[in-house]
Amino acid sequence: MSAPLILLPGDEVPSDHLPSNNSNPLKLGPGLRLLSQPSSKPDATSHVLTATQAGLVTTDAKRNTVSILSFPNRRYIPTVNDLVIAQIHHSSIDYFHCMVTPHTAHALLGQLSFEGATKKTRPMLKQGELVYARVLSVGVGAGAEVELTCVNPATGKSEPGGLGPLVGGMVFEVSTGMAARLIRASSSSAEQGDVIDGLAVLSELGKKLESLGGFEIAVGRNGKVWVDCSNAGDSAIKATIAIGRCLQTTDDKRLNPVDQKKLVTRILREMKLA
Amino acid sequence: MVGPTASLSILSRADGSASLKCPTTGYNVLGSVNAPIELPARRDALKPEEATVEVFVKPGNTTAGVGERYVEGILRSVLQKVILGRERGFPRRGVVITLAIIGGDAVERGDSYLNILPTLLQVSLLALLSAAVPMSMTFSTALLGVTKSGDIICNPSAAEAKAASSLHVLAFSSKGHLLLDESQGRFEFEQWESVRERAFSICRGMATPGADGDVTMGDGGDEARINGFICETVEDHLHRDYSWKIDSA
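Taken in sequence, the protein lines are chains A and B.
According to the UniProt record's numbering, the first sequence is numbered sequentially starting from 1.
According to the UniProt record's numbering, the second sequence is numbered sequentially starting from 1.
Mixed in with the good hints, there may be bad ones.
[To be verified] Covered stretches of chain A (chain B as the covering partner; in silico rule of three or more C-beta atoms under 8 angstroms from a C-beta of chain B):
hint, stretch
1, 7-20
2, 51-60
3, 72-84
[As the list claims (entries may be wrong)] Heads up, simulated DSS-like pairs for lysine-lysine below, C-alpha to C-alpha not over 27 angstroms straight-line:
hint, chain 1, residue 1, chain 2, residue 2
4, B, LYS245, A, LYS27
5, A, LYS207, A, LYS253
6, B, LYS58, A, LYS261
7, B, LYS58, A, LYS207
8, A, LYS262, B, LYS21
9, B, LYS58, B, LYS162
10, A, LYS272, A, LYS207
11, A, LYS253, B, LYS245
12, A, LYS253, B, LYS21
13, A, LYS238, A, LYS207
14, A, LYS208, B, LYS245
15, A, LYS126, A, LYS208
16, A, LYS62, B, LYS245
What the hints contain is simulated information worked out from the structure, not anything from laboratory work.
Built from N, CA and C at the ideal position, the CB exists for glycine as well.
Use the sequences and the hints to build the structure in full.
Dropping the structure here:
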């Protein structure tokens with residue numbers, strides 16, 4: 001692995017940082033664009049990759065992708081297939097109008113885009129309720145509407161599991177970069193041991209809170225984390241707050257795995273849970 | 001010379017923010033960027049395929065007036081050229097930049113706004129970077145004054161700027177192009193040319209290509225190289241943000 005490369009907008013990506021896998025075409029992630037460079041010969045144009053955002057260049061040799069990891073506190077821009085936590089703003093005949101990020105147009109969630117929903121048995125969501133949804137489409141062209149869904153249109157099941165209304169629990173806000181890390185950490189936790197993407201906080205909380213009945217967590221790419229500990233009985237509220245504080249402090253203070261474990265121990269002791 | 005100090009992503013609710021303190025002029029500016037957001041009144045803007053850039057300048061001790069409107073216009077025209085408003089998620093949305101002057105001498109009504117313009121531009125660039133707004137390039141700015149005796153002073157203080165016969169603000173892109181040239185006062189064209197060369201060496205701190213293709217080294221020795229300062233600030237911050245990734249690699 002070569003030294004970390006940080007680019008500013010307008011900088012070219014040096015060709016020795018690109019993955020050298022030639023079997024499938026190179027894919028560009030966010031923060032990069034392809035520009036053609038006029039050369040002295042009239043019909044020979046060369047292409048350069050330039051950054052449009054400041055960030056760390058990351059490459060994936062297996063999938064042959066290159067992208068820029070920008071500042072983690074940036075605003076979330078909806079992308080197809082992302083999982084988000086949306087809040088219902090109001091409902092109309094066909095759609096629920098949901099808020100994904102503040103100060104942006106409402107995203108649309110079909111009244112029937114839930115598992116097993118029919119005209120008679122559809123969820124009656126009220127203003128302020130939460131749904132865990134997948135971004136179905138972001139539309140074409142300028143100012144298009146974002147559409148969400150809680151069901152896979154092909155199978156009629158809520159895939160991946162857990163999509164749908166979020167009942168109970170509490171939502172905490174984290175940075176969008178942290179949300180992306182949490183998603184990766186929780187989706188690949190089983191095989192890779194304790195620390196994924198420098199995050200030990202979730203597995204540590206899981207171990208410490210197992211005696212209370214564990215907890216449920218849903219992470220939205222829009223920087224929201226929903227936590228529910230309804231199995232914990234009397235200490236459910238305390239445990240929920242403790243989990244939220246652990247996640248937010250890890251995010252704000254950029255803790256390393258060792259400090260994350262210390263933080264979990266300290267917060268659980270302060271909340272009289274351990 | 002003491003260089004400026006900057007910090008990034010200091011406000012938690014804004015998408016991007018930065019503050020910059022310039023020791024020689026004494027100005028301290030806090031900037032925040034929210035993008036892309038919905039502008040309810042602008043759904044059918046003049047350029048429907050692009051983002052609308054809005055800039056607000058707020059003096060620390062009074063209401064914004066004509067001077068602020070004027071400087072907002074300059075900032076908007078520079079930033080609009082640099083921001084890529086057609087990137088995904090940006091068309092028909094707004095990029096709202098709010099700059100609050102939180103330290104330094106107040107700009108009196110009717111006074112020149114050129115003193116503070118470089119700091120405002122620098123802060124808005126850092127805040128845009130921290131909000132990950134797509135941009136085609138970065139830029140760096142310099143404030144230069146020409147005294148009555150014809151000497152060029154870099155980053156003049158408020159008193160020096162008042163006494164100077166002319167004031168110049170220049171901005172260079174990261175590719176070395178001149179992006180902005182605002183001047184006031186009386187000056188000769190040769191003077192402006194030497195001001196431009198000096199500003200280039202302050203901003204870029206590197207070789208200035210001469211007219212005959214030769215390369216003369218800029219005298220960026222002890223003067224803060226603004227371009228390098230912006231790079232360092234951003235790189236430092238990203239290193240801390242991604243220490244989990246860089247350390248494990």
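Next item on the list: Could you tell me which of the numbered hints above are not met by this structure, giving the numbers in increasing order?
Entry: 6, 7, 8, 15
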